[in-house]
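**Q** What follows is the residue order along each chain.
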Amino acid sequence: MMGRRAFLLAAAVAAAGTTKLVLARTNEIRISAKKFEFNPAEVRLKLGQPVVLVLTSEDRIHGFKVPDLGLRTEIVPGQETRVALTPAKSGQIVFFCDVFCGDGHEEMGGTLIVEA
Amino acid sequence: MLPQDRRAFLKLSGLAGVAFASALFPGHPASAQAADFHFIQFSDTHWGYKGPANPDAEHTLEKAVATANALPNQPDFIVFTGDLTHTTDDPVERRARMKRFREIVSALRVKDVRFMPGEHDASLDKGEAYKEFFGAPYYTFDHKGVHFVALDNVSDPAAKLGDEQLAWLAADLKQRHADDRIVVLTHRPLFDLMPSWDWTTADGAKAIDLLTPFQNVVVFYGHIHQEHHHNTGHIAHHAAKSLIFALPVPGSQPRRAPLPYDAASPGKGLGVRDVAMAQTAKLTEVGIGGA
Numbered sequence: 001m002m003g004r005r006a007f008l009l010a011a012a013v014a015a016a017g018t019t020k021l022v023l024a025r026t027n028e029i030r031i032s033a034k035k036f037e038f039n040p041a042e043v044r045l046k047l048g049q050p051v052v053l054v055l056t057s058e059d060r061i062h063g064f065k066v067p068d069l070g071l072r073t074e075i076v077p078g079q080e081t082r083v084a085l086t087p088a089k090s091g092q093i094v095f096f097c098d099v100f101c102g103d104g105h106e107e108m109g110g111t112l113i114v115e116a
Numbered sequence: 117m118l119p120q121d122r123r124a125f126l127k128l129s130g131l132a133g134v135a136f137a138s139a140l141f142p143g144h145p146a147s148a149q150a151a152d153f154h155f156i157q158f159s160d161t162h163w164g165y166k167g168p169a170n171p172d173a174e175h176t177l178e179k180a181v182a183t184a185n186a187l188p189n190q191p192d193f194i195v196f197t198g199d200l201t202h203t204t205d206d207p208v209e210r211r212a213r214m215k216r217f218r219e220i221v222s223a224l225r226v227k228d229v230r231f232m233p234g235e236h237d238a239s240l241d242k243g244e245a246y247k248e249f250f251g252a253p254y255y256t257f258d259h260k261g262v263h264f265v266a267l268d269n270v271s272d273p274a275a276k277l278g279d280e281q282l283a284w285l286a287a288d289l290k291q292r293h294a295d296d297r298i299v300v301l302t303h304r305p306l307f308d309l310m311p312s313w314d315w316t317t318a319d320g321a322k323a324i325d326l327l328t329p330f331q332n333v334v335v336f337y338g339h340i341h342q343e344h345h346h347n348t349g350h351i352a353h354h355a356a357k358s359l360i361f362a363l364p365v366p367g368s369q370p371r372r373a374p375l376p377y378d379a380a381s382p383g384k385g386l387g388v389r390d391v392a393m394a395q396t397a398k399l400t401e402v403g404i405g406g407a
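Top line first, the protein sequences correspond to chains Y and X. Read in order, the letters of the first sequence correspond to residues 1 to 116 in the numbering used here. Read in order, the letters of the second sequence correspond to residues 117 to 407 in the numbering used here.
Hints are not guaranteed to be accurate.
No more than 25 Å apart at the CA atoms, straight line, and that leaves these computed lysine to aspartate or glutamate pairs for DMTMM-like [claimed, not checked]:
(1) Lys242/X with Glu107/Y
(2) Lys35/Y with Glu244/X
(3) Lys166/X with Asp103/Y
(4) Lys89/Y with Asp390/X
(5) Lys227/X with Asp390/X
The hints are simulated quantities; they were obtained by calculation from the structure and are not laboratory data. Please read these numbers as outputs of a predicted model, since none were measured by experiment.
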């Protein structure tokens, strides 16, 4: 699992480059949320490669929490929530909705799979 | 790593999860204990649940009420630490479930009953229906020298106490002495029990910071559907079993899915808790349906 410290270090390294360079190399991955699932629920990332997760909701406010990265945001319908990160360690990282959304909320989660 | 997980607790106590003899208030001299009393903790009754984790759900709450009524030594009062009802998107059905729940528990012999919301009761409408049926979601009361504080960490669907409630708690605690005995009741754990399963309170650490200067604080909560014991400093946190289905030990499986129903033992993993508060304060787990 990726430690928060390792993630932050990687994020700092990415931020040290020029904005133009970072944007050119950053991939966007769209994740849509609705009761009670994320689509896709499995997201494959490349180790050390900057990525922006573009989060949207199809129905109501959901949460997007990644405890291992110290990351948490809300996903509001009609808005794109963008989360930039650079995986610094391979492995699986759990994410889930942390805004109670009904019967099935407890199963609303997914996995970031970081591959070397 | 938790300093005191369930396995370690059982090993230390040498018990089988039935009774927990404890110096409940470690900073309080035994000679100064108030008169004996005990209360019962019910938690996570989830009235209205239908699913394979408990095919007997329609009768489980009634069995729990019967269990409490059959205790030879009736408690001074009973607390319900949240998730009285199972969630529904339908506001009419939500109120119907609360109404039926209230009817069933009205059969308790003890009439001093205190309620608290869980996220299934209150998170979809910010506690609106709950307050109609059960009143304020956070409050205090005093009983025989012990100060009880019920906190609401569910009406905000993001599992926060919120600044307003924290200010209220701080104001209440300002009126207490450092050695007062304080019992805190919550639904979710105030500490980070298992963040990846959302078993936490977003701003629970702020409440613990407010409570830490007091020498005699103990927390009883629900939400995780199992007995669990943990300390943050000198403050003990005790989770209660559910009355609908059991959930797995934190981190024991990838997801927090309910444990499979055991038809041979319908009440397995379910129960209520008796909290006896005296010189030898102790927690006793009471099974239902013969479990």
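**Q** Each hint needs a verdict: does it hold in this structure or not?
**A** Going down the list of hints, with the structure as the test:
Between the alpha carbons of Lys242/X and Glu107/Y the distance comes to roughly 21 Å, so the proposed pair stays at or under 25 Å and holds. The straight-line distance between the Cα atoms of Lys35/Y and Glu244/X is roughly 22 Å, inside the 25 Å bound, and the hint therefore holds. Simply put, Lys166/X and Asp103/Y have alpha-carbon atoms about 11 Å apart, close enough for the 25 Å limit, and the pair holds. Proposed proximity of Lys89/Y and Asp390/X is contradicted: the alpha carbons are some 47 Å apart, above 25 Å.
Straight-line distance between C-alpha atoms of Lys227/X and Asp390/X comes to about 16 Å, which keeps the hinted pair within the 25 Å bound.
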